[in-house]
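**Q** Dock chain B against chain A, hints included.
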Amino acid sequence: MGLIHEIDYGTPASKSEKMVTLTVDGFEVSVPEGTSIMRASMDAGIAIPKLCATDMVDAFGSCRLCLVEIEGRAGTPSSCTTPVAQGMVVKTQTDRLKTIRKGVMELYISDHPLDCLTCAANGDCELQDMAGAVGLRDVRYGYDGENHVKAKSDGVANFNWMPKDETNPYFTYDPSKCIVCSRCVRACEEVQGTFALTIEGRGFGSRVSPGMHQHFLDSECVSCGACVQACPTATLTEKSVIEIGQPEHSVVTTCAYCGVGCSFKAEMRGDELVRMVPFKDGKANRGHSCVKGRFAYGYATHKERILNPMIREKITDPWREVSWSEAFAHMANEFRRIQYQYGRGAVGGITSSRCTNEETYLVQKLVRAGFGNNNVDTCARVCHSPTGYGLGQTYGTSAGTQDFDSVEDSDVIMVIGANPSAAHPVFASRMKKRIRKGAKLIVLDPRVTETVDSVHAKATCHLPLKPGTNVAVVTSLAHVIVTEGLFNEQFIRERCDWSEFEDWAAFVAEDRNSPEEVEKLSNVPAELIRQAARLYATGGNAAIYYGLGVTEHSQGSTTVMAIANLAMATGNIGRRGVGVNPLRGQNNVQGSCDMGSFPHELPGYRHISGDETRDIFEKLWGVKLDNEPGLRIPNMLDAAVEGTFKGLYVQGEDILQSDPDTKHVSAGLAAMECVVVHDLFLNETANYAHIFLPGSTFLEKDGTFTNAERRINRVRKVMSPKNGLADWEVTQEMARAMGLNWGYTHPSQIMDEIAATTPSFAGVSYEYLEKMGSVQWPCNEKAPEGTPIMHVGGFVRGKGKFIRTEYVATDEKTGPRFPLLLTTGRILSQYNVGAQTRRTENVVWHAEDRLEIHPHDAEQRGIRDGDWIKLASRAGETTLRALITDRVSPGVVYTTFHHPDTQANVITTDFSDWATNCPEYKVTAVQVAPSNGPTAWQQEYDELSRASRRISGQLEAAE
Amino acid sequence: MNMQLARTEIEARTAALVADLKHLEGPLLPILHGIQDEFGFVPGEALPVIAEALNISNAEVHGVVSFYHDYRKEPAGRHVLKICQAEACQSMGSDVVASRLKAALGIGFHETSRDGSVTMEPVYCLGLCACAPSAMLDGELIGRVDEDAIDEIVEALRK
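Protein sequences, first through last, are from chains A and B.
1084 is the number of the first residue of the first sequence in the working numbering; add one for each residue after it.
179 is the number of the first residue of the second sequence in the working numbering; add one for each residue after it.
In isolation and in its complexed conformation, chain A is listed as follows (with noise of 0.2 Å):
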């Protein structure tokens, strides 16, 4: 196998279409003009020396070491700053140069350690590498000068030594090894975007800092780790290279964490995992990461992480450790029971959307084919179910529009109840570099989010709204469009329906849709919504992405469907830098939906009802389907609570704490009989389950995810499950046991299932994704190599169809007794639950999940930064303490969800989208009271918890 080496160019590519001819070393070499000499020359296959240049970052030319010599100029320019030009003869080896060279790297060396034999980047250092390249044999200058090497020379401190930084988890910075190449600042600046680094003082005195001279964690670092990745020495190393050693070989595979879906590097030292790297060739996030999939993998080998399959007859009774054939007969017999005392319908599934496509395709399977009802549905239930109602209604498809390229060509760029600095953090960085060059930024949030006002990239307008009106003020966005004529009437007219545009338009611009009514409701500035419209609709390329903050409402379809059709009435939609995107929260919530999740469609999104899909699927899997759809997740408990649905199988998703109303879920699982939960942990669902199945990691097997620009990724086994079998195997060994007659034995044949009986996914196959590296859907004879953009040229559906966007009210309403707006949201250091980056070093970031409170409502209720207050809906209450930020608006609190002892989600309550059931997790009418420590309902699930995590011959850990 070995390492995959990356070839480091030096320059970023030039993006010019004209090609330059020059000579080096005697090579002819054609190149895009605006080349650097450097680049050219690496593409020649001539390796310049070089220490401050790498491709990831722009040209510096401080390092002196890239010198060259061009015929016809003075000189020895260096090659990474200077361009090429046509006909252009450089020599990149003469006397001159190696002379320069050796010289410089005598400098270099001089004020450098020289523990090479013991230094971590020992075999990946290139410093080392450019020492060899230059042939330095000797450093005539000696060590003993001034130097920032040596703590202690002569037994008197050394001022310009500085000790170790060791307080981010997850690297160092070692002050000693530094040679102020300043490729991590400009990293942070150019490629993450936070300009959390510099480089302080100035001659011999200069050094990077982090934030004002302060370590790591105190500072602005996000921990993305891109400086890490740019760093030449070992003063920026991640610890686990430290703790165990120079990887030496590695895999490519897909990040687990969101739907970005970041390519990585999976480097390894025999089946250990050293370390995680971004990979340049990642179309989704081209050389770049964040804290989550760079570093906070370690749920992996975590000590709570359960390995053996598990059963117990009722949820009181402590786990007892079964063989894997235990486990599945006993399931077996279960669910047969189940569907022979209660009927057919009282079982059903959930797919994950952490799990590969392959699992959820063999999930819905199961319930398809093996439970013969419909009753499967998905954690996309409570996320992006309106995105592909709403989608799927005006334009055809249910997914995003746009490749993440493409918003490299955006001149502007709207984000609606989105936080993606927080949330989406490779994608924010890429939306940063384009804003730093000119786009410009609309964001609709209730809060000043990162996204707001991060450093350089500052929005042009931020529409703080009132929690439940994303429905008027994006229709009042219409209303200025219309009622101004800044709609794209030719672009309409050709790709629309025009009738349905008239009536569409005659709606919005009724009064009651103008921004000064509209004011009223939404507290935005009359003005704002004006400024943000026109900007938005004559502002160039202008680009939609939205996130929960759409969805997760009463409305939530409706959102989604105005957020459509403001882009039709402009013409932002079928080509580059334009479109409407959905941010998708997990790593496959696109595919989960893609893959048939849904209780009344089958894969590709094709409803159960019809006759000629349902025939593909008999046919293969050689049975009769229910033409009726099955039950939703709230369904399913509401039927459970009823008494007429007794057993279900959760993949791979923590129901009980993402799910709202936690109080009714708890009520619909522990009404059932037969509770399956398959996961790595024994997460808050597992307290109410029967049979806990363990699960692996995206380490461990093989698959593909499906990230939220439809792009199919391969995710590619690294190491063998440590419970034993992969997620699908596990499925696969389940239908067995129930009778079914699957001999799978590659995820590639069930990918190769899917690509035989879905349309948008014919082209697929793992030899296709070896070959490609990766291919956005729909792939098929019409789009052999996929489709990066989609309705180009007319939509999918046809004409685009204008839907009348009537506001209406939540019934969710403050009043005396509940006077707050609370909504909810994320951080960047923790994912979703929690689940598994509480089981990791960001904890350090993000210990327990705050409250933050507008200063004037904290007063108004005696309430200070740091206190416990208690939090309370109609639904339930809990405690946690407050935080007092002016980024919330008087009127609304705010709070995470990523720690279970909080229960945010006992909180929040049933109200739901009207189309899609998706819950209305973004408002609640809420009191908050200062308090002394945690409810009642917080202390009984506390114990609930302990007692139901016993595991019979284990003693309960010591807390």
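One or more of the hints may lead you astray.
[To be verified] Heads up, incomplete: computed chain A residues facing chain B, CB under 8 Å, no partners named: (1) His-1088; (2) Phe-1278; (3) Thr-1281; (4) Pro-1293; (5) Lys-1541.
Read the hints as simulated data drawn from the structure, not as lab findings.
Glycine included, C-beta positions come from ideal geometry on N, C-alpha and C.
**A** Chain B only, in chain A's frame:
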């Protein structure tokens, strides 16, 4: 002498200054000069206020402040004496001038006398090479610093 300012006061006065100068093109250096004029030095507490107002990072502000020797981390003495130590002045004996003044004032470079009367600093070229060795006292240039000039400087500082 060295009155400790409350963080809130520094932040408020900084914010007011920043508001006045923010509209300038490349406002950071003028703002830092303004702050040094206001407080006599650039307090660390002021930096995040500037960063936030200009929508740049704390690190960037720190990088700029630490690059320029003229921005002080703590207040200077009542008088500031700068002695040129660049090439031309060195060749004309500026090191002797420096050691004489150090001895007379009892302080070294970058130090402030205990009574807070004077801070002494090296400077690398005042553009007065023709009159080397040169110095600067409270912003006023002094050329051809000889024995008499040194005495005059010390005299002026003792007042």
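**Q** If you test the structure against every hint from before, which numbers come out violated?
**A** Number 1 - this is the single hint that the structure violates.
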